[in-house]
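2 protein chains.
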Amino acid sequence: MHEFELIKKFFLKLSNFNKNALDLNDDIFFDKSKKLAISVDTYIEGTHFINFDYPDLVIKKILRSSISDLICKGVIPKYYFISGSGDKKSFSAKNLKKISKSLSQEQKKYSIYLSGGDTTYSKKLSFTITVIGYSNKIIYRNNAKLNDDIYITGNLGDSFIGLMILKKKINLNNKLSNYFKKSFFSPKLHINFTKKLLSFANTSIDISDGLIADLEKLINKQKVSYKIYLNDVPVSKNLKKLISSKKISKKSCISQGDDYQILFTAPKSKSGIIHKTCNSLGVKISKIGKICSPSQKSQIINEKNIKITLKNKGYFHRF
Amino acid sequence: MHEFELIKKFFLKLSNFNKNALDLNDDIFFDKSKKLAISVDTYIEGTHFINFDYPDLVIKKILRSSISDLICKGVIPKYYFISGSGDKKSFSAKNLKKISKSLSQEQKKYSIYLSGGDTTYSKKLSFTITVIGYSNKIIYRNNAKLNDDIYITGNLGDSFIGLMILKKKINLNNKLSNYFKKSFFSPKLHINFTKKLLSFANTSIDISDGLIADLEKLINKQKVSYKIYLNDVPVSKNLKKLISSKKISKKSCISQGDDYQILFTAPKSKSGIIHKTCNSLGVKISKIGKICSPSQKSQIINEKNIKITLKNKGYFHRF
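The listed protein sequences derive, respectively, from chains C and Z.
In the working numbering, each residue carries its 1-based index in the first sequence increased by 719.
In the working numbering, each residue carries its 1-based index in the second sequence increased by 719.
Here chain C stands alone, though its shape is the one from the complex (with noise of 0.2 Å):
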């Protein structure tokens, strides 16, 4: 059963008289009367992790991604709890002080603050994280308008030909081995462009599990179909060198996830401010496809102008 239809069939009428826990349909809660913003996250070793030899990549990586969940509702974030589940091996002193100096580094970079959270005894390591944030608004999901394009910040595919890498599954020169797995490890979040957003997306997300996948989930409750243009899905220099000696196709890399780059829509009349944004911070933007009618079936469009379909349009929880 997928996580969708779970929560729909069992936990929705919870939720029914709060509007404020967004149908339980968004990756975050937002409490507009009280201006707060909170994501809930749980990661799990050998499924949200491959396991735990470099603690400090991996704590790194999921708060990350927990903090991306706020970045791109246009919320920022601004303290941290972290709850680790796990034995003595993965909680040995050697692995927490390499865990503390992470969280350490990355309250600096973020701006946010360790404020609570427990440790507890357990023989399968995970971490449950909660980031809290502020704002006046939130940008909701299912809110694409029609004729919207539909945009994406920075480059995808890296951080999967980086986890391919680490699964020895792709063999590549030192240099590039790193760049990938680099790409993997330590996402790089827009936090500077969060606030800006808020005054052009009309819906967004983050992309964590595929570029096709999130964009789906996107829209879910709404009546409306995309076009994505595989041609103009920005990826990185290096990883179009992979795609030029053939090592790769660019189709089956660009929609398998853990990106954290920020998919958005906005009206065609926002086109320039959101180049001229993106162009003074300094962060990489592309248009890639457009919101169209229902009567239209959801569509990706090749180089060659001929509808495709992925494979793998990414990742879905299943039970």
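In short, the hints are calculated from the structure, not lab data.
You can't tell identical chains apart in this list, so a pair holds if it fits in one copy or across any two.
Computed cross-link-like contacts, DSSO-like style, restricted to lysine-lysine with a CA-CA straight-line distance of at most 30 Å:
1) 827 <-> 751
2) 1016 <-> 1026
3) 753 <-> 820
4) 753 <-> 856
5) 732 <-> 817
6) 813 <-> 843
7) 813 <-> 940
8) 813 <-> 732
9) 888 <-> 842
10) 965 <-> 886
11) 732 <-> 901
12) 915 <-> 1003
13) 732 <-> 827
14) 828 <-> 751
15) 807 <-> 1030
16) 1030 <-> 842
17) 1006 <-> 942
18) 842 <-> 807
19) 728 <-> 820
20) 960 <-> 901
Start from chain C and add chain Z according to the hints.
Leaving out everything else, chain Z in the frame of chain C:
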């Protein structure tokens, strides 16, 4: 290593600039300027609950345990988030239906609403519950005053007997057995007492880990000692029967934890109003000792006026 030492050693410095985190030495986080109180707790199968044979009861208990963290500080809970990690068996349709029903009942009982969370696949079952409430002020830890009386609501020990029955270490008739098992699974929270508490308690905590363990946590940064009179520690009529029949000694069961009663200290001058308030609300209240000068050692005094020590002061998370 104790959880406290671990937090102190590696994580305290991360909350340095954030007074709201209460030095990570409280059960909750409180942002005074935003009037926001938050509690985050993780519950793991085998550690915090025996197994998932009764999902309906387990869910109620862990939610109450989380709510209790706010209630004992004078905060009325408003929303909760639940993140569940488990396998297909734990999250079968049958179990999800039971979980949903339990949550629905608890929502009505405590006027709280599900606001989000997530579900992830894991071989090991665990839940992290975040509870949020708003309050102008809270009751802090480490604020006991010299000569304060020490009070406790309700009865202690019933939950522990319930656990012993479930573990088949004690055998009782059906009626008694059901009474104690119910105490274990469904702790009664004094939510109507919460706001009153703010007007007379100097410092407070809920009894989750054990009377003495929690009392010591309550004043762990203060230069004070305590004197507890075992005779005055409240137990139920049913537990009294077991003690009279020598099935169990009082001292072996009153500091085992899982009671979710409120332990607080208050000045002598408030004694009248405390008893009057509790009478009118139907909350059993017992004065069980006092806060003493640091020049004497903390003491537990038995019915023969002899100093005793408890073998087990309660539960401390260890790694």
